[in-house]
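Student: Sequence:
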Amino acid sequence: SKLDRAFSTSNLPLRGGKGWMYEGGIRVPLIVKWPEQGKHGIECSVPVTSVDFFPTIMNMVGAPEGIGKDKEGIDISPLVQGKIIKRGPIYWHYPHYSNHGMQSPGGAIRDGDYKLLEYYEHGTVQLFNLKNDIGEQNDLSKIEIDKTKELRDKLHQWLKNVGAKMMKPNPNYDPE
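Position one of the sequence shown corresponds to residue -19 (the working numbering), numbered consecutively onward.
Treat the hints with care, since some could be wrong.
[As the list claims (entries may be wrong)] The calculated DSBU-like cross-link candidates involving lysine-lysine, where the alpha carbons are at most 35 Å apart (straight line), are:
#1 K129 - K63
#2 K127 - K63
#3 K140 - K(-2)
#4 K122 - K140
#5 K63 - K111
#6 K19 - K66
#7 K145 - K(-2)
#8 K111 - K134
#9 K134 - K66
#10 K148 - K(-2)
#11 K19 - K145
#12 K134 - K122
#13 K148 - K127
#14 K127 - K145
#15 K(-2) - K63
#16 K127 - K66
#17 K122 - K13
#18 K63 - K13
#19 K13 - K(-2)
#20 K148 - K134
#21 K140 - K111
#22 K127 - K111
#23 K111 - K(-2)
#24 K(-2) - K19
#25 K63 - K19
#26 K148 - K129
Don't read these hints as lab results, they were simulated from the structure.
Please construct the entire structure, taking both the sequences and the accompanying hints into account.
Tutor: Printed below as a string of structure tokens:
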């Protein structure tokens, strides 16, 4: 139908798309096959990120205990086996302008149901409760001030801990 063609590349109900820090730009499906270990046909809604792959693969191949434990990610192999794991915060850092010119440099943290985005140029933040607002339409940063501060502080501490590179003005930039 005409409507199907119009929305064939839509990420609805998620906001944004490739190159955005909104869910439409960072939420993608993950398919895992682990013969003789994983359970078939399970679905899991626990968020994972690419930094989880290294500790997971180290466990899957039987690497000595402790290898991969000093990395940021967590071993997600229990999820493939149908078990439940405790997930800590997930962080994103994008200190660049996007290729589409609409996403400013920024960072984000997801902790439980909450996600905070910070735009570095202006220091503005947005806070969303993804359980209640998967489309990230209702910014709670001015309402849930304590949660906003908590997540912003965690994001800043993480940026410091990992030695994240931040954007700097180009002294040779000439807008003319």
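Student: Against the 35 Å threshold, does the CA-CA distance of K(-2) and K19 hold or violate the hint?
Tutor: OK: K(-2) and K19 at ~31 Å, within 35 Å.
Student: Can the restraint linking K19 and K145 be considered satisfied, given a maximum Cα separation of 35 Å?
Tutor: violated (40 Å)
Student: Has the given pair, K122 with K13, been kept, meaning a C-alpha gap of at most 35 Å?
Tutor: violated (43 Å)
Student: When you check the alpha-carbon spacing of K111 and K134, does it fall within 35 Å?
Tutor: holds (20 Å)
Student: Under the criterion that the straight-line Cα-Cα distance not exceed 35 Å, is the pair K127, K111 satisfied?
Tutor: holds (15 Å)
Student: Compare the distance between the alpha carbons of K63 and K13 with 35 Å, and conclude whether the hinted pair is satisfied.
Tutor: holds (15 Å)
Student: Regarding the pair K148 and K129, is the alpha-carbon distance no greater than 35 Å?
Tutor: holds (24 Å)
Student: Please verify whether K145 and K(-2) have alpha carbons no more than 35 Å apart.
Tutor: Given that 35 Å is the threshold and the Cα spacing comes to 22 Å, the pair holds.
Student: Compare the distance between the alpha carbons of K127 and K63 with 35 Å, and conclude whether the hinted pair is satisfied.
Tutor: OK: K127 and K63 at ~29 Å, within 35 Å.
Student: If you draw a straight line from the CA of K19 to the CA of K66, is it 35 Å or shorter?
Tutor: holds (19 Å)
Student: So if I understand the rule, the pair passes when the alpha-carbon distance is 35 Å or less; does K111 with K(-2) pass?
Tutor: holds (22 Å)
Student: Hint check: K140 vs K(-2), CA-CA at most 35 Å. Holds or violated?
Tutor: holds (26 Å)
Of the numbered hints listed earlier, those contradicted by the structure are 11, 17.
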